[in-house]
Amino acid sequence: MTLAGWAYIALVFILVLGGAIPLGLYIARILKGEMRFLAPVERGIYAICGIDQKRPMRWQQYTVALLLLSVIHIVLLYAILRLQQYLPFNPQHIGPMSPRLAFNTAASFATNTNWQAYVPEQQISNGAQMFGLAVHMFISAAAGIAVAGAVMRAFTGSGLQSLGNFYVDLTRITLYLLLPVTIVAGLFLVWSGSPQTFAPFATAHTLLGGSQTIAVGPMAMQEAIKEFGTNGGGFVNANSAHPFENPTIWTNLLENWLLLVTGFALPIAFGSMIGRPRQGFALYGAMAIILIAACIGTYAAEAQGNPLHIAAGVSAAPGNMEGKEVRFGIAPSTTFNVGATGTSTGAVDSFTDSYMPLGGAIPMFLMQLGEVTPGGVGSGFYTIVIFALLSVFVAGLMVGRTPEYLGKKVQAKEIKLAMLSVLILTFFILVGGGFSLLTKSGLGSLANAGPHGLSEMLYAWTSATENNGSAMAGISADTPLLDYGLGTAMLFGRFAFMIPVLAIAGSLAAKPKLPESSGTFPTDNALFVALLIGVIIILGGLQFMPADTLGPLAEHFALFSGKTY
Amino acid sequence: VPISEWRFNAGSSHPHAKPTRRSLAMGDIISIVYTAVIFAALIGFVTFCRKV
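Order-wise, the sequence lines are chains H and L. Numbering-wise, the numbering used here puts 241 at position 241 of the first sequence, and it's gapless, one number per residue. Numbering-wise, the numbering used here puts 16 at position 16 of the second sequence, and it's gapless, one number per residue.
Hints listed in this document are in silico derivations from the structure and should not be mistaken for laboratory results. There could be a bad hint or two in this list.
Unchecked claim - Ranges of calculated distance between the beta carbons of each label pair, as one might list FRET restraints: (1) H:Phe-89 with L:Phe-48: 42 to 50 Å; (2) L:Thr-20 with H:Gly-313: 17 to 25 Å; (3) L:Thr-20 with H:Asp-52: 45 to 53 Å.
What the hints assert, rightly or not - Derived list of chain H stretches under chain L, where covered just means 3 residues or more per stretch with a C-beta under 8 Å from a C-beta of chain L: (4) 167-180; (5) 407-421; (6) 487-496.
Unchecked claim - Computed cross-link-like contacts, DSS-like style, restricted to lysine-lysine with a CA-CA straight-line distance of at most 30 Å: (7) H:Lys-563 with H:Lys-416; (8) L:Lys-51 with H:Lys-563; (9) H:Lys-54 with L:Lys-51; (10) H:Lys-413 with L:Lys-51; (11) H:Lys-409 with H:Lys-563; (12) L:Lys-51 with H:Lys-440; (13) H:Lys-409 with L:Lys-51.
These numbers come from a predicted model, not from an experiment. Note that the Cβ used here is the ideal one computed from N, Cα and C, for glycine as well.
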């Protein structure tokens with residue numbers, strides 16, 4: 001570990017946690033409808049799409065609108081991927097994707113997962129990247145923030161019947177948040193050397209007389225929304241380790257900031273929406289403490305180096321550099337990886353498969369916590385609200401108080417729905433991963449034996465179900481089992497989680513808002529933050545402890561006794 | 001191994017199993033029907049959550 005490494009980590013957190021506050025206040029203004037500088041564009045969109053912006057939606061209508069939009073977009077993206085050979089902007093004449101891989105990819109991008117079981121530069125045309133994948137990066141991110149906004153509104157008043165209008169939220173978030181930030185960040189990436197072109201791939205001639213094809217395309221803008229929308233789908237297979245996606249240490253810093261800042265901004269927006277900023281800061285604090293601890297742990301694990309390499313005479317000084325960009329080194333790589341798994345981004349500038357067992361276990365554990373540190377755009381916020389409800393319920397059980405959160409009584413219905421949403425994720429990760437390891441096809445996908453192989457499969461199901469999208473490099477993901485299985489996990493991990501969340505929001509919105517009394521459990525102090533962190537780790541994480549013990553923890557002890565897989 | 005094949009072992013390249021037009025059409029039907037079934041289940045789940 002070096003001073004420069006610690007300084008880089010500190011800089012990332014200062015910029016992210018500092019930047020999240022004004023951004024959160026800005027998002028609150030968007031969700032309240034106070035941002036009007038693009039009002040003519042907004043009205044034009046409503047007119048073309050036939051949206052009545054004044055029409056309120058109950059939670060069921062809000063949910064069905066979300067599901068309908070998503071299914072239409074999945075079918076559209078599926079069609080683009082299957083028919084890309086007939087569509088424009090395909091200078092490499094790339095053929096159609098196979099049906100099952102197109103299903104997997106469409107499900108992946110519609111759910112903000114961006115799991116890539118394909119090699120982008122070989123299997124997707126520039127046109128399909130820009131008009132298929134990148135468009136879904138905007139829509140899925142906006143949909144997540146819209147649902148977060150709906151959950152925030154549930155706490156703003158008494159007896160509310162509406163959670164807002166899904167289409168209006170979607171439009172405003174895209175126009176006032178995602179597009180402006182993406183354009184500015186994209187221009188910075190272009191200035192830094194990232195390509196933004198529809199030209200065919202370049203061919204370079206090497207000194208030895210060979211030739212090399214270099215993928216180029218509309219990368220810069222896609223890179224910007226890839227990070228800011230916590231999407232993660234790289235234009236090229238090497239993702240943000242590729243010098244065109246991530247040309248310099250400054251773009252690495254920018255991308256790290258982009259992928260983290262909105263997740264931390266949403267609790268601030270929440271505090272502003274309900275007029276109680278400290279409540280937002282409590283959630284923001286819990287997210288930050290877990291993420292900072294994870295970042296320190298991963299940095300420490302990677303900086304110590306691989307004992308087998310050291311025993312073979314490799315210098316321990318640079319740390320475990322296998323699978324990492326020499327341009328970035330340990331601290332920027334681990335900070336990026338922790339940021340991308342603490343959010344649902346899943347982008348990589350180094351490869352988790354090559355991490356030390358504990359260094360790779362921490363990113364996987366962050367996903368298993370439910371993606372709340374700070375989680376995907378929108379999804380991180382509404383997931384931590386679920387944990388907050390469970391925390392006040394646990395606190396109520398311990399001290400005999402009726403649980404309430406922000407003046408809303410938390411009753412059996414909300415707790416049943418909250419546990420249902422948590423268990424859906426656990427079911428797909430553990431049952432899906434376990435089943436895959438019982439099949440010949442699943443075992444055939446693994447590149448490594450023993451605990452490392454188990455980690456590869458567990459990581460894949462965790463990543464898909466939690467809508468993260470990162471992968472351990474060894475697994476071969478394009479098989480019928482994993483294409484359809486992981487696609488199903490992505491869809492249920494996204495929507496079967498959102499449905500109970502919106503049901504809870506609808507139920508709480510309709511309840512009267514009770515005034516605080518001496519019996520109210522405070523939810524804006526250090527005690528609540530500690531309780532919330534405990535509930536996240538126990539309910540979110542410990543369910544996976546047996547599997548994690550057989551995977552990365554077993555591999556850690558085996559490695560230090562000289563055995564590798 | 002080229003870096004493009006590093007992460008997922010070359011994704012969907014299966015040169016030994018060249019798909020026919022018929023198998024592709026069947027794949028499309030399976031994928032679209034499967035998507036419809038999942039979303040029908042999700043709509044059903046909305047009703048379930050309403051009744052909890």
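Each hint tested on the structure:
1. H:Phe-89 with L:Phe-48: 42 to 50 Å: 43 Å, holds
2. L:Thr-20 with H:Gly-313: 17 to 25 Å: With a Cβ separation near 55 Å, Thr-20 (chain L) and Gly-313 (chain H) fall outside 17 to 25 Å, so the hint is violated.
3. L:Thr-20 with H:Asp-52: 45 to 53 Å: 48 Å, holds
4. 167-180: violated (count 0)
5. 407-421: holds (count 4)
6. 487-496: Satisfied; 5 residues make the cut.
7. H:Lys-563 with H:Lys-416: The hint is violated at about 45 Å.
8. L:Lys-51 with H:Lys-563: Judged against 30 Å, a Cα distance of about 53 Å means the pair is violated.
9. H:Lys-54 with L:Lys-51: 28 Å, holds
10. H:Lys-413 with L:Lys-51: 9 Å, holds
11. H:Lys-409 with H:Lys-563: Judged against 30 Å, a Cα distance of about 54 Å means the pair is violated.
12. L:Lys-51 with H:Lys-440: Violated, at roughly 41 Å.
13. H:Lys-409 with L:Lys-51: 19 Å, holds
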